[in-house]
Amino acid sequence: MAELVVKATRESFGEALCELAKTNKDIVVLDADLAAATKTSIFKKEYPDRFFDCGIAEGNMMGVAAGLASCGKIPFAASFAMFATGRAFEQIRNSIAYPKLNVKIAGSHAGISTGEDGATHQCLEDIAIMRAIPNMTVINPADHYEMLGAVKAALELDGPVYLRLGRLAVPSVNNNDDYKFELGKGVTLRDGDDVTIVATGLVVREAVLAADELKKEGINARVINIHTIKPIDEDILIKAAKETGKIITFEEHNVIGGLGDAVASVVSQKCPVLLKKCGVQDKFGYSGPAKELLEIFGFTAPGIVKEVKSFLA
Amino acid sequence: MNSNEKQELRIIACKARLYALEGIFNAKSGHPGGSLSAADIYTYLYYKEMKVTPENPNNPDRDRFVLSKGHCCPSLYAVLAMKGFFSLEELPKLRKVGAMLQGHPDMKSTPGIDMSSGSLGQGISAACGMALAGKIDNKDYRVYSVLGDGECEEGQVWEAFMFASHNNLDNLTVIIDCNGLQIDGTVEEVGGLEPLDKKLESFGFEVFKMDGHDFDDIEKAITAAKNVKGKPSAIIAKTIKGKGISYMENQVNWHGAAPNAEQYEIGRNELLAQLNELGGTL
Chain A
37 MAELVVKATR
47 ESFGEALCEL
57 AKTNKDIVVL
67 DADLAAATKT
77 SIFKKEYPDR
87 FFDCGIAEGN
97 MMGVAAGLAS
107 CGKIPFAASF
117 AMFATGRAFE
127 QIRNSIAYPK
137 LNVKIAGSHA
147 GISTGEDGAT
157 HQCLEDIAIM
167 RAIPNMTVIN
177 PADHYEMLGA
187 VKAALELDGP
197 VYLRLGRLAV
207 PSVNNNDDYK
217 FELGKGVTLR
227 DGDDVTIVAT
237 GLVVREAVLA
247 ADELKKEGIN
257 ARVINIHTIK
267 PIDEDILIKA
277 AKETGKIITF
287 EEHNVIGGLG
297 DAVASVVSQK
307 CPVLLKKCGV
317 QDKFGYSGPA
327 KELLEIFGFT
337 APGIVKEVKS
347 FLA
Chain B
92 MNSNEKQELR
102 IIACKARLYA
112 LEGIFNAKSG
122 HPGGSLSAAD
132 IYTYLYYKEM
142 KVTPENPNNP
152 DRDRFVLSKG
162 HCCPSLYAVL
172 AMKGFFSLEE
182 LPKLRKVGAM
192 LQGHPDMKST
202 PGIDMSSGSL
212 GQGISAACGM
222 ALAGKIDNKD
232 YRVYSVLGDG
242 ECEEGQVWEA
252 FMFASHNNLD
262 NLTVIIDCNG
272 LQIDGTVEEV
282 GGLEPLDKKL
292 ESFGFEVFKM
302 DGHDFDDIEK
312 AITAAKNVKG
322 KPSAIIAKTI
332 KGKGISYMEN
342 QVNWHGAAPN
352 AEQYEIGRNE
362 LLAQLNELGG
372 TL
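Residue numbers (the numbering used here), protein chains in the order written: chain A, 37 to 349; chain B, 92 to 373.
Mixed in with the good hints there might be a few duds.
[To be verified] Below, computed lysine-lysine pairings styled on DSS-like, alpha-carbon distance capped at 25 Å: (1) A:Lys136 to B:Lys199; (2) A:Lys266 to B:Lys199; (3) B:Lys226 to A:Lys58.
Hint data in this document are derived by calculation from the structure and do not stem from the laboratory.
Work out the full structure: start from the sequences and follow the hints.
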């Protein structure tokens, strides 16, 4: 088994950039005065000549990234998910995605686990916003290993990519030695035929723990990790719908427009089954320690167990 | 430049206005006012200044142009077509279904267009990115971007201006087409841009002024801007919105309206008379 790593995916992102920049000279990194928080600071330290702080001006940063990409650079533009995808939505849409420029957008501090900063900084809409843009690939890695693979895959893809980064240090779930990140492929982490739990991001590990707990009570839950929300792995979802007949989704995001809707969109059209969307129920978050919030909002294993049981009842 | 060269540029600009008017008339939509005000600037840049050839429009060493006020593309398309980036036959198909020439510039569909633009305030940021890429790679290409004066009401424009001077982008020249009008009225009524020169200077730009319809003046300002070292340059171009068509000049209602058949004939005849006077033909 690979080492269990407890690390925030933003940290893994910063490390991946440094590693990839060793061999790829086209990588440049942009930030909007949040390098210390998005962890592009790790890259900045190693490659100061390829790092550009754009100041607190996210709209301009996305445009600058577009211009750099048009000249053959591969810019990674980072900010908090709130500002990257919210403030700069239209710059991403019109200057990056419409001309299909090779820009990678990193949105850190996504989800409720941003914690104490509260509702203004807890982005719960980024997946919905980015999913809705043509040409955009959307990736939400669950842990350190997945983030390393995701950054590499994003680099290898010629086109715009949105990477969702978390603030909170989380234990890794992909600890198998043969772990390989495949863009657009869902990963079955537990097999079962009573119900399918589809999760993304930091909820994935909790979903696995929940499935193990459910098993003790005689419920065989399949757990599918969807790291690539767009394009989504339709085959794995249709198969799960056929074989388990019930799907429950978990995401640290508003239930509108995120993973749940992406899964529902596939299943309702290709193999309709009963589906429940768990996440933040169209509400804003509030301040508090990340771990407490995750518990309150039902993103820990006990919360997932409860939801699954009530779904099956 | 000598008088022959100047005459040649005037002829090309006049033809660009004719093609732009025709395209907008055919499409029954478009933005004639700003297309006519900026036509001389595009003409100078592509025929006298920029290092870019239609044979190799994606040459990594070429000079680049970003039309930040993307709606004023009909006359730019005409200049690019006359220069040979694509066929003149594309021009009358402007804005039609399946056309190469979109309502706002699309770098994917149109050879010679260096950046998709149209949402105001965004092109200038991309121009900054291009200039920065040139600095990173030690290339000596230049980047030009034309903005509208009304466009300068967008906050992103000033984010970009700050970025340009902070990064010493002396390979960037910004040209602001100050035709004084925007959709809802004069720029002074709607947004209040002045004193633009002082604002640009305080944002770290070397500022020049020119008559945007006088090729001697355009040459003087662009040459001076090119010689600025260590900071970006900006040229405030005084222009006439609707330039060349009497009933459109300085009229706010010709920002984004197409002429009807009668108006088209009048406008076309006025431009043809100017072309004839210059000794040019279509």
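Numbers of unmet hints, in rising order: none
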